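Chains as they are written, first to last, in this note's numbering: chain A, 1 to 343; chain B, 1 to 167; chain C, 1 to 560.
No lab work stands behind these hints: they were computed from the structure. Incorrect hints may appear among the rest.
As the list claims (entries may be wrong) - Computed list of lysine-lysine pairs in BS3-like fashion (alpha-carbon distance at most 27 angstroms, straight line):
no. : chain 1 : residue 1 : chain 2 : residue 2
1   : B       : 48        : A       : 51
2   : B       : 146       : C       : 482
3   : C       : 375       : C       : 428
As the list claims (entries may be wrong) - Which bits of chain B does chain A cover? Going by a derived footprint, with three or more residues having C-beta under 8 angstroms, they are:
no. : segment
4   : 15-28
5   : 37-44
Unchecked claim - Sample of chain C residues lacking proximity to chain B, with all beta carbon distances greater than 12 angstroms (derived):
no. : residue
6   : 16
7   : 17
8   : 141
9   : 183
10  : 210
11  : 254
12  : 292
13  : 384
14  : 410
15  : 479
16  : 480
17  : 488
Nothing here was measured: the structure is a model prediction, and the numbers come from that model. Note that beta-carbon positions come from the ideal geometry of N, C-alpha and C, so glycine has one too.
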Amino acid sequence: MSIGEVIIFSLIKILIIVGLLFLTVAYLVYFERKVSAWAQNRIGPNRVGWKGVLQPFADVFKLLLKEDIVPEKSDRIIHALAPMIALFVAFTTFAVIPFGPDVKIFGYNIPLVVADVNIGVLFILALTSLGVYAITLAGWSSGSKYSLLGGIRSSAQMISYEISMGFSVGGVLLLSESLRPIAIVQSQSGWMWNAIIQPIGFITFVVSAFAETNRLPFDLPEAEPELVGGFHTEYSSMKFAGFFLSEYANMTIASAFIVTLYLGGWQIPYIDLLGLPSGLVIVLQVGAFIFKLVAMLFFFLWIRWSLPRFRYDQLMSLGWKVMFPLSLINIIWVALLIMVFGL
Amino acid sequence: MALKSIKRREKDLTFLEKLYIPEILKGLTLTFKNMIRPKFTFEYPEEKFIPPSSYRGRPVLVEDSNGEERCVACGLCSRVCPALAIEVQAGETEREKERYPEKFEINMLRCIFCGFCEEVCPEEAIIMSKDYELAFSNREDAIYGKDKLLVPISQIQDKIDFLRQYK
Amino acid sequence: MPKIKIDNNEIEFKPGQTIIQAARDNGIDIPHFCWHPELSISGNCRICLVEVEKIPKLVIACSTIASEGMVVHTQSEKTIAARNAVMEFLLINHPLDCPICDEAGECKLQDYAYKYSVGESRFTEEKVHKQKHVDLGPRVMFDGERCISCSRCIRFCDEIAKSPQLTFVQRGDHVTITTYPGQQMDNPYSMNTIDICPVGALTSKDFRFNARVWDMSATKSVCPGCSRGCNTEVWVRDNKILRLTPRYNPQVNSYWMCDHGRLNTFRFVNAEDRIDSPQLRREGQLIKVGWDEAFAEAVSRIKSFAKDEVAFIGSAYATCEDNYILAKFARSVVGSSNIDFVRRADNNFGDDILKQNDITPNSLGAELVGVSPSKSGLGIEGIKKGIKEKRIKALYVIKEDFINVDPEIENMLSKLDLLIVHASNQSKTTSVADIIFPAATYAEKNGTFVNFEGTIQRIRPAVSTVDADRALDGFEMSRLDKFGTSFDRWARGTKHDAKATWKILTSLAGLLGHKMKFKMAEEVFEEMASIEAFKGLTYDDLGEHGVKIKTGNVEEKVNA
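All chains, full assembly: derive it from the sequences and hints.
So this is what it looks like as structure tokens:
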């Protein structure tokens, strides 16, 4: 493949992924409202379109029409910049997530990932921790005590859970011996899913992912009852929508990342034994990826509508006193597995 | 030894509870069960709630089958009304019951739907109907005069039957 | 004094009193329908049956003369059973439609049915039907079915109104009341029968079906219809007077008042032609202005006249307070002694029951507080003459339709340079006035009237104005008044922008450089108490029935 072709294919993949991501995020909002309704024995949005399916568009439209309020005491530039950072980080991260094996179209061998970076995992970790800047800056620039508290909480939370997250990933890397997401997926062939091999690592990672995405029970930066919305108290209209969308985009990325690292990515165990045509296998595998992703997303929503928020000190003690040691234990466990079974 | 005497308190967690995971799973099971339970929400404007006969909707005045109101403007509803929602001005008529309401107004913003007026009415003339659709855009609209209050008896017969049985 | 024992209470009585009177004087209530303290004893209702020891049968308390050592039981088993029987008997033919009846709420039969009846009727037959809408007279309606034939109304006409017009006809359960052939019950006191009727058989054509008694507030006041000053209660709902009823005052009017006073002395308070804001004449036209503008105009124009060019007309319709402040204003603020008031007498009005020829409520009071010319000043005739001769150029009239006194005054008034009028309603005088101040009526302010006998009595505000708030100024309040908000039509009513005359005058005096520090009518009265006749009196002393004062020779002067 020439460089030109790589650029063209990449652009096409970017367009598809960004488009799909937008759609996913939009419908995730709808889905969240539906799940919350079901969990509370309600029906949920059902007015806009059939069963309310056009609700996300109505939501966006409403936010578009709202007055954009910038507080007098805010730092205007950073105030405007913060939601952009949030969105940028959320969407860029998806570049390195593989959502299927290589496909052959028109004689080209195309990997189903925008950028097959050999340090993909590091890339994701780096970018997601950049996301905290969006929240911290938003909190700081708003010139409001609620926002500031939200921002501070966010950075503290991020630092605390990034550590256990990093150590959990360490367990995965020990097994895959690569930082390439595709290699990680491939290392989990059959039932060798990391979630099964290293359940402790899986749990610590999932918990950390919740904390990193500011989802309940870790949504202390927003914490409506105490902080009136936290870092986005002073945001309205499309700037608020930026944060809103990035939260759901982050959630999607976190889910995709969990699927990639622990749930075997696009793989369907032992599908090659069935002797299906390769085209169908690829379609099924992409489908499997999407299915796993959706299941993970549902889990995110489900948790949100089941568990109450942590107290701040509980959050910290969980992060440092439980998650951190557990992720260390996980590394030792994986190392033992490698030593004993030579995986 | 002294340590043993400390009793376990309600708020102390057991080991399993401290693990969090089983408790979280319990919570998740509960919410999931609710998700798949049948819903009983009315989709209101399309699907309307038809209240039972004991329901106390907006008070109405009974218009008898001969087209005359039953009310004799005795003012007992107005007197008993704890919210002072009812204003009655009596007048004289040629009918057998020589008193009739020249003006009968219920301020629906004041009405608290207690049903005392229905209970006190000696003529079975004021009835708490099943009508619950009350919305106004200004205070004046909320004052219902005789034009809005008078309802033909056929429309509230079931409610009257209920009252005869239980009152 | 001899003693009897009623329900174990040893009480004293005056010889000749009946049991019911003796009990009543000592605060023991024996139920009664037909008995009335001011009427002869009829003894036909039987509800006042009591048990007297050593008398085998129950006796009626209203006609049994009390005697030394009598032991009466009003709560014994036998008495209670008898009362219950009487109630059941009365209710046999009485329609049970209190919701329709206008008397509900002030009905003796209704009250006693609660107190003394078991509340069950064994009577299943058809009730007797009688005539229901009977026109007894121009002011009174009669409902034959509701009548319990107590004969109070008949006895009232015979004994108090001294014009026998009513009688029973028929027998047994068909007995009913009617007027004598070719007659109507049109005596000038006919409406008192409505008050004394223990049931809703007699109703006022004027008030019938207008309002429930419990929706109104009742304010103790005095009738301004003549110089008798009958004590009244003013019944108000939605800030509108709906009826007047007499109030008991043994010194003045007993339980009664005349139909004229009852019907004609409150309409002008509710009337459409009330003056609702100060008015000034500008280029020949009266225009409405604010109080401050009217005050400023009045002050600047009064200043432009010499002392003796100004004359003041007080009023026998105004209170003592109003007249006192006017006199003070005339003498010490303006410095004029040309002050007098119009004496009105209608020789066809008076009778020897209550009505007096002097048809103003307060001529004695006006005289007493100094609304009469001193030696150097002009009296009413002098003022008239002065206007003609253009010696009087400015006239200040309070609460008096001056033109009505004498048609020739109309021409005279046009000669004036300035005519200031305090009036509550439009009149001929206000139509020619230069400055009009809206004055509060007797039902809108505190004050005192002195009747022809020299009894000084309180009037109290019953209708609120912009100046006087019902709650803040301590008016009588009905339930509706208490709980109404500005958003309830019934709580709003019509509020006139009127002030008491003395208040208007003190404001003017202040602007003319003479501070009068009165905030309440009571304070004016306290200052007035320096006058010999009112010496040491306060509003508290007047109480509900007023106080008889020494009027000296003034009384003869006025009543002459």
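These are the hints, each one checked on the structure:
1. 48(B) / 51(A): Distance of about 19 angstroms is within 27 angstroms: holds.
2. 146(B) / 482(C): OK: residue 146(B) and residue 482(C) at ~26 angstroms, within 27 angstroms.
3. 375(C) / 428(C): Violated, at roughly 31 angstroms.
4. 15-28: holds (count 4)
5. 37-44: It holds: at least three residues are needed, and the segment 37-44 of chain B offers 5 whose Cβ sits within less than 8 angstroms of chain A.
6. 16: holds, 44 angstroms
7. 17: holds, 39 angstroms
8. 141: For residue 141(C), whose nearest Cβ neighbour in chain B is about 10 angstroms away, the distance does not exceed 12 angstroms, so it is violated.
9. 183: holds, 25 angstroms
10. 210: violated, 7 angstroms
11. 254: holds, 32 angstroms
12. 292: About 33 angstroms separates residue 292(C) from the closest Cβ of chain B, which puts it past 12 angstroms; holds.
13. 384: About 49 angstroms separates residue 384(C) from the closest Cβ of chain B, which puts it past 12 angstroms; holds.
14. 410: Its Cβ never comes within 12 angstroms of chain B, the nearest being 42 angstroms, so this holds.
15. 479: violated, 8 angstroms
16. 480: Residue 480(C) is in fact no farther than 12 angstroms from some Cβ atom of chain B, at 7 angstroms.
17. 488: violated, 7 angstroms
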